[in-house]
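Chemist: These protein sequence lines map, in sequence, to chains A and B. Under UniProt numbering, think of the first position of the first sequence as 1, with each following residue one higher. Under UniProt numbering, think of the first position of the second sequence as 1, with each following residue one higher.
No lab work stands behind these hints: they were computed from the structure. One should not assume that every hint holds.
Only some residues are given here: those of chain B computed to face chain A with a beta carbon under 10 Å [what the hints assert, rightly or not]:
id	residue
1	Val29
2	Asn35
3	Ile40
Ranges of calculated distance between the beta carbons of each label pair, as one might list FRET restraints [what the hints assert, rightly or not]:
id	chain 1	residue 1	chain 2	residue 2	range
4	B	Ala80	A	Glu166	26 to 34 Å
5	B	Gln63	A	Asp159	27 to 35 Å
6	A	Arg272	B	Glu17	35 to 43 Å
C-beta: ideal position from N, C-alpha, C; glycine also.
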Amino acid sequence: MTSARTVRLGTFDVEARWRPAGLATLPAVRDPGGDAVSSAMDELLVVACDPGDLLVTGAEVPPSFLTVLGDAGVETGHRVAPHGTGTVEERLLSHPPEDLRGCGFAPYAVLPETAALVGALGLRTAQPDHAVVRAVSSKSWSNALVRELGLPGAGVVVDSVPRLLEEVEALDGAPALLKDPFGVSGRGTIEVSSPGVLRSVGRVLTKQADRGAAVEVLVQPRFDRVADFSAQFHVHEDGRVDWHGTRLIENTGFAYTGSRPVPAALGTRLGRAGYREVMADVGAALAAAGYHGPVCVDSMLLRDGTLVPVLEINPRMSMGLLSILAARRLAGPATTARLAVRALRTDSPHRTFDALVALLRRNGVLFRSGGTGLLPLTAGTLSSSRGRLYCAVVARDDDEDRELGAELDAIAGSPPDRWAAVSRAS
Amino acid sequence: MEHRIRAVLGEVLGDEELAASITDETNIVDDLGLNSIQMINFLLALEDAFDVELEFEELSFSQLESFPAIRQFVMAAMAADR
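This is chain A alone, in the form it adopts within the complex (with noise of 0.2 Å):
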C-alpha cells in the first residue's frame, strides 16, 4: 500500500557520522552542550512538512510548539522515536513501527543505517547509498571537482604532515586555513596564525599519525570575503537539477545567525557569472557519482570580485534549504520571510519555549498566518548551556525586518528569569 505521507526525520550532525574511522583529527575541543543542542535540531524539520505528513523527533516537543506551528500554517503530525540510544534512525530500526509501510521518506541526510530503516519500516522512497553520500561529502572530493571544472578557489588536499607543512609554507606568509574533510562550519578548521600555531598542529597531528592513524587535510589560503552564501538545490538520479533558490549566510565571527534571500544586486552578479550554471555542472557530477537528493553549495564573493562557486557541497538538507522552505511555508505575496538563529546564554530552566512564546505575545509579535512577526522554529535547543533560538522572521519591508531583528536580539539577550516573570504573568 502506499500513501501519500511522508516520514521527516534526521540526525544534524551528520557530518560525524560519515567520518571514516582512523582518520586522524584536527586539535579541537570537546563541546558536550552543544551536542545537546544539535540533537534537538531536528524539530527544524517542521517547516518541511506538509499536513499529513509525520514528523519524528528524537526528544518529546511541548504540546504548546504543534499549537504555535500550526496557527502559523504549519501542520503535521508528530511522533517521538522509540527510547533508546543512538540517532533517531537507529531507534526506529531497533523498535520498527507497522504503520508507516508505504509512507514517504525524507531523511535530513543519508546515515550507514538510512537503508536498513527504508527496508524495516517498508517505506516508499529510493535513498543513495551510505558509501556515496559519505564519499562526495568530503571536502577531499569538492576540491577535486573545483579542480576539474577549473573554479577559482581549488585547495590542495594532503596525506602525511609533511606534506602540510610545505602546503603552508608554500603559501608564503598568507594566511591558510586547515580543514578536516568531514568538519563543518564551527568545526574542523584551523586558522594558521602564526608558525608556533601549525608546530602545534603538527605536533597533534603526527601524534596521532605516529598510533597508526591516516592524515588528510586540505589547505586553502584564508579567503578575503565579503559574502557568503548557498545555492540549494535537488539533483535527480539522471543529473537533473531542481533549483531551489540561492540564500545568503549570515555569520557573527564564525558563528551562523541566519540564512535570507541574497540581495538583489548579488543576485543579477551571480547570474551574470554562471552561477546556476555551475550548480548545474556540479549537479551532473554528484549524479555521475550515484549521488540523488537535496544538495547545498557553500560559496563565496571575494573583495577583489572573484566569485567561488564552490568552497565546499553537502549532499543533504541545510539550514538554507529550511530557510527557503520557511519562506515558501510563511511569506504571503507582500512579506519576506528569513531565518534567524541567536546564541542564548546560560543555561537555565526557565528557557522554555512557553516562556518564550508568552514574551512573543507579550511584545505582540509572535507570527501567526498571513501576518508578520516572529516564528520560533524549536523548543529543545533553547535550555542548553550552548542554547539557540531559531526564528523565522517575516517582514513586510526592510523597516519591520530591521525592528523584529532588534526584539529578537533584545529577546535572545534577556535574563532567563525574565522569560520566567512574563511567562507566569500571562
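Fit chain B to the supplied structure of chain A, relying on the hints for placement.
Modeler: This is chain B only, laid out in the frame that chain A set:
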C-alpha cells in the same frame, strides 16, 4: 601572564578592548561569545605565546569558560613542560 593571555584573546576575538575589559567573573564563552573555532585558535595561540604543549584530546569547553580557569590551565601546562 594575565596581560599576555588577554592580548592573545584580543587577537582571536579581533577586539582588543573587549579582551582587556574581562575580569575574573567574565565567562569567556557566554559573555564574549567565543565559539568552538575561536576557542581552539585561542588555545593554539596560547601554546605559541607561552611555549607550552596542551593535551587537546582531554579538553572540554566547560573547563575553559572563566579567566582564572584559563590562567590555571596555562600555569599547569608550563609546570608540566619544565
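Chemist: Determine which of the earlier numbered hints do not hold for this structure and return their numbers in increasing order.
Modeler: none
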